[in-house]
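Student: Residues per chain, in single letters:
Protein chains: 2
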Amino acid sequence: MAERIFGHMPGYPEGSLFEDRAELRESGVHRPIQAGISGSQTEGAESIVLSGGYEDDADDGDVIVYTGQGGRDQLTGQQVYDQPFSRGNRALALSKQNGLPVRVVRGSNHDSPHSPPHGYSYDGLYTVEEYWHEPGRSGFEVWRFRLAKIPERVTIGQVVREEPAGYSVPRRREMWVSRIVRDSAQAAKIKALYKHRCQMCGTRLECPAGPYSEAAHIRPLGAPHDGPDTEDNILCLCPNHHVLFDNGAISIADDLSLIGADQGDLTVRRGHNINRRHLAYHREHLVVFASFESEALT
Amino acid sequence: MAERIFGHMPGYPEGSLFEDRAELRESGVHRPIQAGISGSQTEGAESIVLSGGYEDDADDGDVIVYTGQGGRDQLTGQQVYDQPFSRGNRALALSKQNGLPVRVVRGSNHDSPHSPPHGYSYDGLYTVEEYWHEPGRSGFEVWRFRLAKIPERVTIGQVVREEPAGYSVPRRREMWVSRIVRDSAQAAKIKALYKHRCQMCGTRLECPAGPYSEAAHIRPLGAPHDGPDTEDNILCLCPNHHVLFDNGAISIADDLSLIGADQGDLTVRRGHNINRRHLAYHREHLVVFASFESEALT
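Going line by line, the protein sequences match chains A and B. Residue 1 is where the first sequence starts when you use my numbering, and the numbers rise one by one after that. Residue 1 is where the second sequence starts when you use my numbering, and the numbers rise one by one after that.
Worth flagging that the hints you see were computed from the coordinates, not collected in a lab. Computed from a predicted model, the values in this text were never measured in an experiment. There could be a bad hint or two in this list.
To be verified - Covered by chain B, according to a simulated footprint, are these stretches of chain A (three or more residues, beta-carbon under 8 Å):
#	segment
1	14 to 27
2	201 to 214
3	240 to 247
The beta-carbon is built from N, C-alpha and C at its ideal position, and this holds for glycine as well.
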């Protein structure tokens with residue numbers, strides 16, 4: 001298989017139209033002829049197609065909530081298993097983790113005002129902002145990925161330089177994508193309460209302008225989680241533990257002991273009442289359970 | 001002094017015009033009557049005015065390189081000392097560190113096509129993307145801050161709710177600002193070479209989708225540093241050491257020993273040739289030397 005190309009496909013600007021999946025494949029914009037996700041578990045996902053195959057997709061134009069793959073009966077298309085955290089789903093998770101851009105293609109059979117009247121349209125680059133799992137309409141767990149359009153201004157830094165020949169010479173590419181950082185009076189208050197010490201490991205980063213820490217939301221802000229920006233939903237973490245927590249490698253039990261990548265207890269100061277419902281939400285939707293990692297479920 | 005307001009000032013949308021500094025002060029958009037930077041070392045900077053006072057400002061509309069304060073002779077306005085890392089300069093550095101938005105005001109005496117014909121205009125919210133020091137035209141060191149306009153789309157999350165009364169009740173506010181994350185084939189290669197282990201501390205963050213690390217550029221990308229996106233300018237770091245390195249708390253000597261916040265040596269694998277000129281650039285421009293922290297220099 002040819003090398004994966006992340007970012008725009010040279011020669012096919014945003015808005016390019018394709019008659020069918022064969023033409024899409026030919027262009028390289030989306031190579032699999034059937035699968036909705038093109039990618040690998042070790043490199044990330046390069047493109048997806050929205051084509052009405054899943055019951056649960058939501059499409060707001062600039063923001064898409066995309067349902068992962070797997071768990072369906074081949075004949076009926078019904079969801080009959082939990083979706084596994086593997087293949088395309090894991091590829092999209094890796095794209096989120098590494099900040100890789102994903103090409104989004106919409107098919108005419110995708111039920112949205114943004115779909116083309118017929119065939120397929122290439123609709124530009126998106127970042128995977130977040131992923132989580134929840135019961136789908138069938139009752140089985142599905143993976144959900146929130147994708148947000150990358151404004152063209154931000155992708156100005158992208159450069160694709162073609163190398164002279166051959167599959168073995170990697171193409172050089174460069175990209176810039178944006179990550180959202182939130183800070184609020186509530187966040188600042190929690191960071192000050194802990195004097196910028198991580199509640200998981202006690203680390204405090206001493207920078208010339210002052211100590212540095214990050215405010216982590218237990219139940220994430222924004223749709224569909226709609227976690228509140230309140231003190232009972234905010235932790236003061238070092239960047240390392242923030243990454244582990246947001247990526248579902250570590251979570252917190254109701255007794256405030258850590259689950260997953262680290263041992264020990266969360267440090268909690270008097271006056272910081274952590275909402276147990278938010279902790280439960282993190283455990284139920286954001287942690288990747290061992291059972292999801294089994295290929296046997298596919 | 002009244003509480004600092006970060007973000008838009010209610011009642012004064014972007015594009016608001018002001019006759020003079022007294023009117024600006026009255027509005028709260030920029031409160032000091034003389035100083036170009038409004039802020040404190042412990043809270044960050046809330047607003048700046050571009051008014052032609054400094055020789056070295058650059059203004060590209062959406063991107064501004066702003067020169068810090070201090071080190072000038074009161075009578076002649078000439079730069080006669082190195083600028084200290086204190087007061088307004090340190091406030092802007094803290095705004096960078098905490099991702100706070102800065103209100104930007106341009107005066108008619110600021111030499112730029114973006115300046116108003118007379119008086120002052122409020123030109124919206126910017127983030128401090130970066131800061132460094134370098135010799136100014138006078139030969140003395142000045143602090144420079146690169147500010148980038150926050151697109152309105154990104155600030156949709158901002159909410160200002162007025163509390164009923166009094167200075168003692170903090171106003172609630174919420175904001176979202178964007179941070180740039182870069183990844184490229186070169187970066188991916190370095191991260192793979194170290195198997196995502198931090199070159200400073202050996203940490204590797206194990207996330208469900210795979211190990212996580214960050215690519216740090218020694219000499220930063222983008223104007224004015226124009227560091228290259230090449231392997232000899234990239235380090236594989238954990239997020240904590242990336243923050244320390246980018247904020248000038250830690251640097252690297254030519255013998256690859258660490259300087260500043262941590263002891264020990266940088267781990268370097270065969271085949272990774274780190275460019276000593278880029279290390280020197282980081283030491284010369286991005287580290288905050290102890291001498292800069294002295295108030296005595298002002």
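Student: Tell me the hint numbers this structure goes against, listed in increasing order.
Tutor: 1
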